[in-house]
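**Q** Here's the letter readout for the chains.
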Amino acid sequence: ETGVTQSPTHLIKTRGQQVTLRCSSQSGHNTVSWYQQALGQGPQFIFQYYREEENGRGNFPPRFSGLQFPNYSSELNVNALELDDSALYLCASSLGRQNTGELFFGEGSRLTVL
Amino acid sequence: AQTVTQSQPEMSVQEAETVTLSCTYDTSENNYYLFWYKQPPSRQMILVIRQEAYKQQNATENRFSVNFQKAAKSFSLKISDSQLGDTAMYFCAFMKQEYGNKLVFGAGTILRVKS
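Those sequence lines, one after another, are chains A and B. Quick note on the working numbering: the first sequence kicks off at 1 and runs consecutively. Quick note on the working numbering: the second sequence kicks off at 1 and runs consecutively.
Hints listed in this document are in silico derivations from the structure and should not be mistaken for laboratory results. Hints are not guaranteed to be accurate.
Unchecked claim - Derived pair list, reagent style SDA-like, types lysine to any residue, alpha-carbon separation capped at 20 Å:
no.	chain 1	residue 1	chain 2	residue 2
1	B	K102	A	E82
2	B	K102	A	T100
3	B	K102	A	P61
Hey, can you work out the whole structure from these sequences and the hints?
**A** Written out as structure tokens, the structure is:
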């Protein structure tokens, strides 16, 4: 069984740039969620995709957008990067849209915005 | 909106001893789930234990158990026979029953197990 993988693991961008983060869900999982974890804080829900459609969004501006592909992998795109976007971005997969909350996380993509 | 509070930023415990991590939450919902997730250094976050709010019985998973006090909105994690591999950041999390997979996390507690 293949776990959740994320790429890249680390990246550095400058303010105003755009970034794309990628996630491959665990085999058999059709739901992907993205979380932002700032340093010293708990993860915050960005949005969730179920069968290629957005299924819920947290309190993040529209410059945070995403996609889910037919193979259930996903991308997180952030435009017009700001310094506060520096964080660990976690992808989590699960089976089904309304399960009992067990998420399978990747190791994350650490984004630094200078 | 739901909030989750972990009042202990850091804890330490000697190997083989017992430690309890605290968590309180605020919600007006009646049906929800509570979780403890573990995030080891530079490794994936994994689920430790889950509690359904409608169940009065406290959940247990091997050395891990919870004390769920619904009226007090308290959800503490007890780790018995602590092991070096338990060293990690521990997050308490809340999920409304109809909001699959959308977890609200606390700020976390760093647990260090000392030999």
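**Q** With reference to the structure, classify each hint as holding or not holding.
**A** Verification of the hints:
For a cut-off of 20 Å, the pair hint linking K102/B to E82/A is broken: about 25 Å separates their Cα positions. Of the supplied pair hints, the one linking K102/B and T100/A holds, its CA atoms being roughly 10 Å apart against a limit of 20 Å. The hinted pair formed by K102/B and P61/A meets the criterion: a straight-line CA distance of about 17 Å does not exceed 20 Å.
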